[in-house]
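Working from the sequences, and respecting the hints, build out all of it.
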Amino acid sequence: MSDVLLELDGVCAGYGPIEVLKGVGLRVDRGEIVTLIGANGAGKTTLLMCCSGLVRPTGGTLRFDGADIARTPAHDIVRAGLAQVPEGRRIFPRLSVLENLRLGAFTRSNQAEIAADLDKAFALFPILAERRHQAGGTLSGGEQQMLAIARALMCRPTLLLMDEPSMGVAPLLVQRIFAAITALNREGLSILLVEQNANLALATAHRGYVMETGTIALSGPTADLMHNEQVRACYLGAR
Amino acid sequence: MSWFEFVLQQLITGLTNGLIIALVALGYTMVYGIIELINFAHGDLVMLGAFLALTLIGACHLEGSPWLGLGLMLIAVPVFCAAVNWTVDRVAYRPIRHAPKLTALVSAIGVSFIFMNIGLFWGGAPMAVFGGGAAAASPKDVPDLIGHTNLLGSGSLVQITVKDALVALVTIPLMVALTWFVRRTRIGTAMRATAQNPMAARLMGIDVDRVIGATFIIGGALAGMAAVVQSLYYNTISFQMGYRIGLDAFTAAVLGGIGNLPGAVLGSIVIGLVRAFSDGYGATQWTNALVFLVLILVLVFRPSGILGAHVREKV
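The listed protein sequences derive, respectively, from chains A and B.
Here the working numbering runs 3 ahead of the position in the first sequence, where the first position is 1.
Here the working numbering runs 23 ahead of the position in the second sequence, where the first position is 1.
Do not rely on the hints blindly, as some may be mistaken.
Said to hold, decoys possible - DEER-style ranges, computed between Cβ atoms:
id	chain 1	residue 1	chain 2	residue 2	range
1	B	A191	A	A118	39 to 47 Å
2	A	G171	B	P326	47 to 55 Å
3	A	Q137	B	E86	39 to 47 Å
4	B	P118	A	E116	33 to 41 Å
By construction, these hints were calculated from the structure, which means they are not laboratory data.
Predicted, not measured: the structure shown is a model, and the values here were computed from it.
C-beta: ideal position from N, C-alpha, C; glycine also.
If you want it as structure tokens, here you go:
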């Protein structure tokens with residue numbers, strides 16, 4: 004078992020004639036939180052979509068857990084242990100919180116284990132237990148984000164991709180969500196975190212990548228990136 | 024017949040009509056709910072099912088054994104329609120799943136034409152029940168397998184016939200079963216999830232193409248049931264019948280709130296009643312126009328339909 008969990012090399016992808024990713028290289032090791040920061044339109048979401056099999060790469064290699072997943076159907080990628088908390092949360096609005104969570108475990112069949120994981124999810128975010136019979140669409144932004152994270156965890160992933168978990172979430176809940184991210188990582192979950200809030204992202208992750216118009220411009224341990232002049236000027240709001 | 028008995032009779036007829044329409048409307052609304060496609064070939068699928076039902080009657084000489092015949096048809100025709108519907112999705116809709124919505128709509132209209140022409144060809148089959156192959160285009164008589172004994176007794180002016188009972192006995196359990204299936208089973212939950220957010224469904228590990236295939240199979244099977252019941256109830260079929268069935272069912276689905284299963288049943292009963300009362304009061308020639316009028320009024324004043332008001336989604 005190698006230490007490299009997710010590995011992208013020279014990945015190109017786009018929508019029709021529009022090329023969004025122009026040869027991206029990126030790596031997530033087991034047990035790491037890696038963050039990907041960059042301006043809107045840099046291609047961060049497209050990169051996550053590629054990893055989840057929702058956008059097909061037109062070039063380069065894409066490996067997860069030792070296997071080439073560039074052509075693997077999206078549902079098989081989830082089975083292999085790669086889950087995603089998508090941008091905008093994508094909760095099933097007319098299904099209850101409980102039904103949303105159970106769908107997260109769609110790839111699994113052991114009911115006892117699923118029940119245990121439901122209890123874990125409710126322990127991680129107690130508000131979800133309170134609202135378990137409420138329709139997902141009636142939750143607040145932050146609650147929906149918690150539901151999206153808990154739902155993604157229900158497939159027992161080894162790698163969790165998170166796209167903008169702080170977007171549209173009240174500041175107090177952002178703190179709680181990031182505390183949960185750190186806690187999940189301590190339990191052994193590897194995380195690839197795309198985040199607008201670069202300060203928070205760099206404070207949470209071990210390593211980081213800076214993306215600019217479809218390529219990786221910079222990478223390194225987050226401690227280095229935080230002191231990089233360019234990163235400070237462009238993403239951390241320093242003068 | 025007093026005015027009360029008259030109204031009662033129209034209510035019974037309307038309800039029966041509505042239940043038949045509902046089986047078709049459910050197929051429309053399920054497919055729309057999951058891939059936002061108005062499957063214009065759905066009414067014509069019912070027509071093909073009806074042609075198969077009549078072929079079975081002719082080929083197996085079912086006139087003599089009505090209940091066996093009914094059982095055979097209620098198995099063979101839904102299986103046939105389910106297989107055809109699944110194949111249509113696989114061949115005509117799935118390859119263009121990611122194209123603009125209008126592309127699939129045009130494809131559906133094309134499938135409708137193909138079905139109608141198959142029906143026209145089928146109507147020329149050299150069988151006694153098809154008139155021995157003469158006049159392929161003319162409407163065909165379906166033998167009256169189950170009769171029309173009045174369950175209220177021969178003295179009653181109001182009639183609830185064996186046919187009405189057959190319709191209720193086939194359609195209502197199917198609707199209950201469908202509701203259970205969609206609410207309680209794994210594939211049913213996957214269907215609801217896919218309908219609400221296909222991308223999120225894929226991220227849950229759901230094979231969306233299989234779920235869509237299953238939806239076409241279920242919609243097709245319901246259309247097959249409707250074909251059998253409809254043929255035995257009205258005793259006449261034609262290669263053009265899919266148009267009217269499709270119109271009624273589509274209007275019913277929109278009226279109830281397209282994509283909404285209870286809505287489709289409710290809308291169908293309303294349309295069935297509109298038809299029955301329009302026919303009952305001697306305005307038969309206006310009935311189709313009236314159904315169109317209902318469709319236009321719904322689209323103008325309440326496009327989301329009676330039950331189509333969604334939970335407000337926060338973003």
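So which hints don't hold here, by number, going up? 2 and 3
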